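**Q** In the order they appear, the protein sequences are chains W and S. The opening position of the first sequence corresponds to residue 1 in this note's numbering, with each subsequent residue numbered one higher. The opening position of the second sequence corresponds to residue 1001 in this note's numbering, with each subsequent residue numbered one higher.
Calculated directly from the structure, the hints in this document are not laboratory data. Predicted, not measured: the structure shown is a model, and the values here were computed from it. In this text, a Cβ means the ideal position worked out from N, Cα and C, and glycines have one as well. Check each hint, because a few of them may be wrong.
Distance windows between CB atoms, simulated [claimed, not checked]:
(1) S:ASP1238 <-> W:ALA34: 28 to 34 Å
(2) W:ARG221 <-> S:ASP1228: 39 to 45 Å
(3) S:LYS1170 <-> W:ALA265: 39 to 45 Å
(4) S:SER1247 <-> W:ASN141: 34 to 40 Å
(5) W:ALA507 <-> S:GLU1242: 56 to 62 Å
(6) S:ARG1255 <-> W:PRO261: 50 to 56 Å
(7) S:ASP1232 <-> W:PRO261: 34 to 40 Å
(8) W:LEU554 <-> S:SER1247: 43 to 49 Å
(9) W:PRO32 <-> S:PHE1129: 29 to 35 Å
(10) W:ASP70 <-> S:ASP1228: 46 to 52 Å
(11) S:PHE1129 <-> W:ARG221: 30 to 36 Å
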Amino acid sequence: MGRGGSRATGAAAPPWHALPDEVWEHAFSFLPTAADRGAAAGACSSWLRAERRSRHHLAVANCYAAAPRDAIERFPAVRAAEVKGKPHFADFGLVPPAWGGAAAPWIAAAADGWPLLEELSFKRMVVTDECLEMIAASFRNFQVLRLVSCDGFSTAGLAAIAAGCRQLRELDLQENEIEDCSIHWLSLFPESFTSLVTLNFSCLDGEVNITVLERLVTRCRNLKTLKLNNAIPLDKLASLLQKAPQLVELGTGKFSADYHPDLFAKLEVAFGGCKSLRKLSGAWDAVPDYLPAFYCVCDGLTSLNLSYATVRGPELIKFISRCKNLQQLWVMDLIEDLGLAVVASSCSKLQELRVFPSDHFGLGVLTERGLVDVSASCPMLESVLYFCRRMTNEALITIAKNRPNFTCFRLCILEPHTPDYITQHPLDAGFSAIVESCKGLRRLSISGLLTDLVFRSIGAHADRLEMLSIAFAGNSDLGLNYILSGCKSLKKLEIRDCPFGDKPLLANAAKLETMRSLWMSSCLLTLGACRQLARKMPHLSVEIMNDPGWSCPLDSLPDESPVEKLYVYRTIAGPRSDTPSYVQIV
Amino acid sequence: MEKIKGGGSMADLGFEETELRLGLPGGGGCNDAAAEAARSSGKRGFAETIDLKLKLQVQPASAAAEEDEGDLEEEEATAATEPLQLSPAADGKMKRLPSQSSVVIAQSDPEKPRAPKAQVVGWPPVRSFRKNVLAVQAEKGKGVDGDKPPGASAAKLVKVSMDGAPYLRKVDLAMYESYQQLSMALHQKLFSSFTIGKCGAQQGMNGTNESKLGDLLDGSEYVATYEDKDGDWMLVGDVPWEMFVESCKRLRMMRGSEAIGLAAPRAMEKSKSRS
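Next up, chain S with everything else stripped away, as it sits in the complex:
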């Protein structure tokens, strides 16, 4: 057991007397106690799971879970090179996943300056509202000294509204590289939240929520439109992706029936063929 040495004031706290046998997790020395506890409880020691040297990779669209309880203990060298993949398991069981939803990639050295890294979800605990405001500020304004403004991330957050949905979402266009990626993300964000059976039970004011959801579930089609810098509503997909990201101010998923009025002849073609 590594005793805590230090200045007089720390020794006074009497940690040497404690009956807990603790090593410093993840640190240079002995992990025996922690690992022992982990083995005896049959669960993966937590120090190992989010050991800062471990690299976990998440693939957004499809993820495959591996049952590798044994591999991650102690062998930090192998763990460092073995990317974990995550997915819903075929038999419907939920596998033990080392906080896959929390840690995307972790960095090893807290002292060194880092390149922008993928973050742990919800960490540091800064309100999403604040993050959005600072990202927008960075986009619009310049730093006082003309250098990179603080709070900058290259985010291009735009609101997404969907006809019939009770509230909006936000997407960061800078995270995607093509219309297809955006389309997948939108599909996941907008439709996974709403196409759920229990939502209809939400105590809406007078059942309007339920009827709206009914429409959604009917499979009526949506057309993606966006408002550009000039304030015009355009059909998504006509201009090159980069140009779209540049000029898009907000997105709206319009009901197929309403989109008939849009100028692009393609849209009219589409909606005609639907009915």
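Just chain W, with the same shape it has in the complex:
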């Protein structure tokens, strides 16, 4: 298309392709997702220029996919960045320590290139106290810090944030390992500091000065989310609530004490004042006698996280049955089938259910029945994470028929290779029904006894599937081949303990570049195949991990050597330079 200058006639508007960048930037601000923006940026150079200069939020799903410098150069106006590090299976201890995922290079680059940065979010990365100090010192407009499943820092780092970030709105610490240096970091928020909207320190092990906390809560009138740790006793919870009745989200921390009618009354009054409370969580080793103190907020609750609550039985059920507007429920399997039946009949607006295992070794009374009931009666249910001990194909087929609207279905049968407990057949038919029925399925985890057949179904039907987790399943290379040659939208694939070998990997090498990452551990891979893959696909980083006790140089090993852990991801940054000795990049 040529420039329209010569065709302009008097007062005619400029042709669309000559519109100034500001117009495109404004137009792009209406694009809902980063993927849409990325697509627009690919259309032509002026759109690329306009889009990248106006991108304010950047999500880097794999910190090694690009160098920090690349991100800064391409998107100079970023105000909110989110970076993720270690592979997902690191959550379960499959990635040895010191693997990588340091936040420091990102923070250093951001300090240089994004001085106006307002938000940072890190997941599964190593964040040190120096990192936190640098954040506090580098970004004068810093407002939101979110750390999820990170480690490497202590309360000293938190102190730097408290003291240095004058505009801080959110400090959200989720499931991190934080060393307690006995520094009273909360006291370092200045008296003039009132901007806090979210404060979540539930994962902090250690004491917090309650008086300081109370003063902080009192002066931060905009506080909406407060998640306490288990060092805060119940009576202090009551007084905190009275100081912050505007709370929308509350994490009670440890909720247990001997029963005292005075304390009960105090709590009841406190909760009664919290008219805006919508989300509740906490580690409740609770004396059930206190649960009725919550009854007044039940009706308004949209989210309930009892996944650390060891409350069981009738009291729990009484509580949940009052929560008629619940959209999100996380519980332990202590709820049992009976409790889930109550959920099914009471919580018609339920969208997400997660049921966690309470004890690896005990036997509860949670079976496939509970999931069937909930999926039958909750029409809006679309996301499930379910740990149980037994399952049948029939149950899964019923669930699939009832709930074609699943977007996330994760079923974990605790014992590997467990078949349908009635027919003793593999659960292929059940999971096949799920993928055939749930056309919008984006995330799937499968378990139990499974043959290659289930992979054939998944490969053929799961068109929208983006993340797939497989463990102890399949019979042969065919299984993996089905997945890699199908699943059009696959981004993340993680596999452990399956009899998948070199052939499907090499046959589908090109597919790997369309994906974010692949994890394979305890499969049947050899070093030779990994070498071939790396040679064939220069834009993939092929990382091999072996037992940390071993550190033989890769070059000396023959092609037939088995590979215990493989992590492959696409990258424009080339091989990373911060690998520990047990990780080798082929």
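Put chain S on the given structure of chain W with help from the hints.
**A** Relative to the frame of chain W, chain S by itself:
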């Protein structure tokens, strides 16, 4: 080939038509197809390697790998009684080990209740964070009905910090029976992670990481100390093991030079003799 029989809905899926010939792995019937595939590819059939009747034993300190490709196929009876041992092989080659890092011991019958067993690493897929929280909860709290609290394992997890190290570790004191065992575990956990050449290349903020690691590699000695229930910092090793486990809240590997101030005269003796 064992056809999948069943209710009408399952037959509709047409599995009978499939050209894949599959037996039920590990189940009662024919393993021929799986075993055939295994033989032809020259690799051990996976169904056999983690056959639930197989007992694999891992010895933590030194493990010896055996090259027994042939033995594990089909003969489930012998396999069940033959413990596999694992080790780094003398010639530096990595041997085929049937997912030794994943399976420690497997149980055979999913229906029966089990005594606490050694677990498959990272299975079930529950976040370590969650496991730790529940273990601590079980330790501190009581079950609602006064019986064994759910989520209980007899874990005694304590944090271990090491001067100069960028982050902490956790050890489960309940897993050891003596100071010597703890010392071996600590040595493995703390020193194997850090005394590695490439770590220095990690992009530290201003090289502080590198200088710290330099100290480590210098061989400067560390003294194990712990914080007890009263909040005092004590030298590890003075009290009987059980008492130590009872009262230990956290561990700290203190640099030799800093430990000189500790009350125990032994420590002063040690550090004097070092310089």
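**Q** If a hint holds in the structure, say so; if it doesn't, say that too.
**A** Now the hints, each set against the structure:
1. S:ASP1238 <-> W:ALA34: 28 to 34 Å: violated (58 Å)
2. W:ARG221 <-> S:ASP1228: 39 to 45 Å: Because 43 Å falls inside the window, the suggested range holds.
3. S:LYS1170 <-> W:ALA265: 39 to 45 Å: holds (40 Å)
4. S:SER1247 <-> W:ASN141: 34 to 40 Å: Once the Cβ atoms are compared, 48 Å apart, the range 34 to 40 Å for W:ASN141 and S:SER1247 is violated.
5. W:ALA507 <-> S:GLU1242: 56 to 62 Å: Because 58 Å falls inside the window, the suggested range holds.
6. S:ARG1255 <-> W:PRO261: 50 to 56 Å: Taking Cβ atoms as reference, S:ARG1255 and W:PRO261 lie about 53 Å apart, which means the hint holds.
7. S:ASP1232 <-> W:PRO261: 34 to 40 Å: holds (39 Å)
8. W:LEU554 <-> S:SER1247: 43 to 49 Å: Since W:LEU554 and S:SER1247 have Cβ atoms about 46 Å apart, the given range 43 to 49 Å holds.
9. W:PRO32 <-> S:PHE1129: 29 to 35 Å: Given range 29 to 35 Å: holds, Cβ gap about 32 Å.
10. W:ASP70 <-> S:ASP1228: 46 to 52 Å: holds (50 Å)
11. S:PHE1129 <-> W:ARG221: 30 to 36 Å: Distance hint for S:PHE1129, W:ARG221 holds at roughly 32 Å.
The structure fails hints 1, 4 (numbered hints given earlier, in ascending order).
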